[in-house]
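Residue numbers (the working numbering), protein chains in the order written: chain A, 1 to 199; chain B, 1 to 169.
Some clues are possibly wrong.
To be verified - Sample of chain A residues with no beta-carbon within 10 angstroms of chain B, all distances over it, derived:
| # | residue |
| --- | --- |
| 1 | Ala126 |
| 2 | Ala150 |
| 3 | Asp175 |
Said to hold, decoys possible - In the DSSO-like style, the derived pairs of lysine-lysine whose C-alpha atoms are separated by at most 30 angstroms in a straight line are:
| # | chain 1 | residue 1 | chain 2 | residue 2 |
| --- | --- | --- | --- | --- |
| 4 | B | Lys145 | A | Lys160 |
| 5 | B | Lys86 | A | Lys160 |
| 6 | A | Lys160 | A | Lys190 |
Honestly, the hints are just simulated from the structure, not real lab data.
Glycine residues also receive a C-beta, built at the ideal position from the N, C-alpha and C atoms.
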Amino acid sequence: MSAHNNSESQSAVLNRRDVVSQLLADRGDMLVVAGLGAPAWDITAAGDHPLSFPLWGAMGGAAMVAMGVALAQPNRRVLCVTGDGEMLMGLGSLATIAVQRPRNLSIVVLDNERYGETGMQKTHTAFGVDLASMAHAAGFVQSLRVVTAADVLNLVSIVKNDEGSIFAQVKVSTDPVPLVLPPKDGEMLKNRFREAVLG
Amino acid sequence: MSTWPLEVHRVLHDEGVRQVAFVPDAGLSRLIDLCEADIAIHIVRLTTEEEGVALLAGAWLGGDKGVLLMQSSGTGNCINMLSLTKGSRFPLVMLVTMRGEEGETNPAQVPMGSATQQVLEAMGANVIRAESAEQIAQYLSVGLKRAYETNSSEAILIAQHVLGFKAFK
C-alpha cells in the first residue's frame, strides 16, 4: 500500500479521443508525432494522415522525434501527442527541449495515470508526480494543466496560435475507447511523412 | 594541435549536416565548439544519448541531416532507441570516441568500451574504426554519404589511442 496516493484518474472527466479530435480538427499543415500505444491509436482515430508519424516503439523518444521535426521545419507547427508513461521514460528530454526553446513545438501528454498497453498498471502520475510542474521547472514558460472542457478549448487555441514551446498535461479518464491501429510499416510511415512535408 | 576537428567540421558543412546532437567527451570538445559557432548548424545538447537517436529520426522526417556525437559508454544508452532507426530504416550517423581501450585508467569505462562495436552491430549499424586522426573526417564523409543514400545506420569509432588518454592526477 502506497503511503501517498494522489490519483485523479477516478475523477478525470476528459475523454482522450475528444481531446485529440479537437487538437487535430482543421490541422492544416501541422506536423504530428504520437507516442506509442494509446496516443498513436488516438491520432489514428481522428483520421490517418500523411503528416502524422505514429510511433510503435521508441518509448521515451516521442518528444525528441518531434523536436527534430520542429528544428528541421521551423515554419510549421509541430505537435507531439504522447502518454504519461512514455513521457516519464524521457523526462530528460524536457530539459533538452527547454534549452532549445523551439517556437513551433507543443507537447501534449494525455495523462490517464496508467500504462494502458500492459494491463493498466499505475504510473508515477497516479501518485502525484506533476509533469506540468516538471516541464515548467525545466524551462517551459507555457506549461498547462488541463482538466476541464474549457481548459481544452484554451489548449487548442494555444497550440494553434501561440509562439513558443508549449507543454500540457491533460488529465484524461481511463474509460475504454475503441482500438484504432495506425499502419504498422515504419518505413512506409517515414517515407509518406517526408513526401508530404518535402514534396 | 591536431586538425581533425576542423576537417570533420568541413565534412559536416560539405554534406549539409544541419543538426548535431551530443553528450560531450573531452576528445570531442573542439569539434563541439566549432559546431556551436556555426550558424548553419543546430547544436543540441542532450541529457542522454538515446535522445539524439530520436532527435535525428525526427530531423530526417523534416528533411535535415544530422550527426550524433558521444563517447562509447553512450552507445549503451541508445540500444532500444536504435530499434526506431532499424525498424523504420532511418539514416543515422554516430561519431563515437572510444574509452576503455589501451591506456584507459578508469575501470568503469572498460565493460561498455569492450562491447561498443558488438552492441552497435547487433542493432544494425555499420561500424568503421578510425585508427588515425586523418581517417576520422574521411570515414565520417563515407558514413554520411552511405547513410543518407541508402538509409543505413553508421558508427564511426575513434580509437582511444588517436585522441590520447585521460589521466587522473
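Going through the hints against the structure:
1. The beta carbon of A/Ala126 is kept farther than 10 angstroms from every beta carbon of chain B, the shortest such distance being approximately 24 angstroms.
2. Distance to chain B confirms A/Ala150 as a non-interface residue, since its nearest Cβ pair spans about 32 angstroms, more than 10 angstroms.
3. With a closest Cβ-Cβ approach of about 30 angstroms to chain B, A/Asp175 is found to remain outside the 10 angstroms limit, as its non-interface label requires.
4. Distance check on the hinted pair: B/Lys145 and A/Lys160 sit about 37 angstroms apart at the alpha-carbon level, beyond 30 angstroms; violated.
5. The hinted pair formed by B/Lys86 and A/Lys160 fails the criterion: a straight-line CA distance of about 33 angstroms is larger than 30 angstroms.
6. With a C-alpha separation of about 24 angstroms, the suggested pairing of A/Lys160 with A/Lys190 holds against the 30 angstroms cut-off.
Going down the numbered hints, you'll see the structure goes against 4 and 5, while the others check out.
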